[in-house]
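Enquirer: Sequence:
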Amino acid sequence: MDRSNSIKVLGFSFVLIFSFAFVELIGGFLTNSLALLSDAGHMLTDSVSLLIALVAQILVQRAKGKRMTYGLYRLEVLAAFINGVFLIALIGYIAYEAFHRFLNPEPVLGPQMLFIATVGLVINLIAGYLLFKTSEENINVKAAFLHVVTDTLGSVAAILAGLAVTFWGFYLADPILSVAIALLILPGAYSVLKDSLNVLLELVPASIDPEEVEREIRKVPGVIDVHDLHVWSITSGNVILTAHVVVSDINACNDILRNIEESVQRFGIDHTTIQIEREGYSCPPSCPLLKHTGHLHHHHHH
Numbered sequence: 000m001d002r003s004n005s006i007k008v009l010g011f012s013f014v015l016i017f018s019f020a021f022v023e024l025i026g027g028f029l030t031n032s033l034a035l036l037s038d039a040g041h042m043l044t045d046s047v048s049l050l051i052a053l054v055a056q057i058l059v060q061r062a063k064g065k066r067m068t069y070g071l072y073r074l075e076v077l078a079a080f081i082n083g084v085f086l087i088a089l090i091g092y093i094a095y096e097a098f099h100r101f102l103n104p105e106p107v108l109g110p111q112m113l114f115i116a117t118v119g120l121v122i123n124l125i126a127g128y129l130l131f132k133t134s135e136e137n138i139n140v141k142a143a144f145l146h147v148v149t150d151t152l153g154s155v156a157a158i159l160a161g162l163a164v165t166f167w168g169f170y171l172a173d174p175i176l177s178v179a180i181a182l183l184i185l186p187g188a189y190s191v192l193k194d195s196l197n198v199l200l201e202l203v204p205a206s207i208d209p210e211e212v213e214r215e216i217r218k219v220p221g222v223i224d225v226h227d228l229h230v231w232s233i234t235s236g237n238v239i240l241t242a243h244v245v246v247s248d249i250n251a252c253n254d255i256l257r258n259i260e261e262s263v264q265r266f267g268i269d270h271t272t273i274q275i276e277r278e279g280y281s282c283p284p285s286c287p288l289l290k291h292t293g294h295l296h297h298h299h300h301h
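For the record, in the sequence shown the residue sitting at position 96 is 95 according to numbering that gives the first Met the number 0, with numbers rising by one throughout.
The hints are simulated quantities; they were obtained by calculation from the structure and are not laboratory data. Please note: incorrect hints may appear among the correct ones.
[As the list claims (entries may be wrong)] Label-pair restraints from in silico Cβ distances:
id: 1; residue 1: T241; residue 2: F21; range: 47 to 55 Å
id: 2; residue 1: G10; residue 2: N31; range: 32 to 40 Å
id: 3; residue 1: L200; residue 2: N253; range: 18 to 26 Å
id: 4; residue 1: L185; residue 2: G10; range: 27 to 35 Å
Only a predicted model underlies this, so the values are computations on that prediction, with no experimental measurement involved. For every residue, glycine included, the Cβ atom is placed at its ideal position computed from N, Cα and C.
Throw the hints in and build the complete structure from the sequences for me.
Expert: Okay, here's the thing in structure tokens:
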């Protein structure tokens, strides 16, 4: 995962969107367009989310210190969660504005609104294209990308509303399109919240079946039993596995460890910590997980 590239993309996108947000804000007041004012608010909100994502990426890359044994990768996930909450709030704001526009549609300057909304669409498309190229590698960038998508949809809605107002005088087009935007944003917002919560709660990544991982480890020659298996991710694309493995020959542990690492790589697990045990070994009574089972041998999956 190239985080230095993500920082450049986020930085450029932030400057681009933050700058035009003020242009669109002024244009909204001059044209009396609620659609432009709403879209300007979206862009300001999204520029804040981009700034959060940018700061998180910089801190993650520069994290050093004896206490940061995993770095600060979780900051990426935390920032993504905050962005997901912002997206839900944004949907609520759009629905609220749409309701009021249904009740009180106001005339706007159609041609001027069209021009400003078109420029805004171009700005969002540029930023969206840059973020999209790295959005699958990083959950934080994915959240930022979804914010820009909302801006793009807002610009398209403003353009369509401007066309409807200019040529047909249909002022209700604005609230109708706003509701459509909210419905389009909702699945993406849910996805970001779900993915970030899964990481923060240290759940097994959705693409991995822990039982299948255990079966694969048991197939390794020399492995008798597997227990205390944990699979989780620190951030998107960084999956970790820990497990206790009972072996028949303790002298062959290096070969067994190497074979286990190779067997779990196909699941996308790139960091493993394996505790090798002789047959008959049991966890000490101080093990906190025994409090839930009441047994010295515990089999569980996280």
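Enquirer: Against the earlier hints, flag every one the structure doesn't satisfy and list their numbers going up.
Expert: Hint 3 alone not satisfied by this model.
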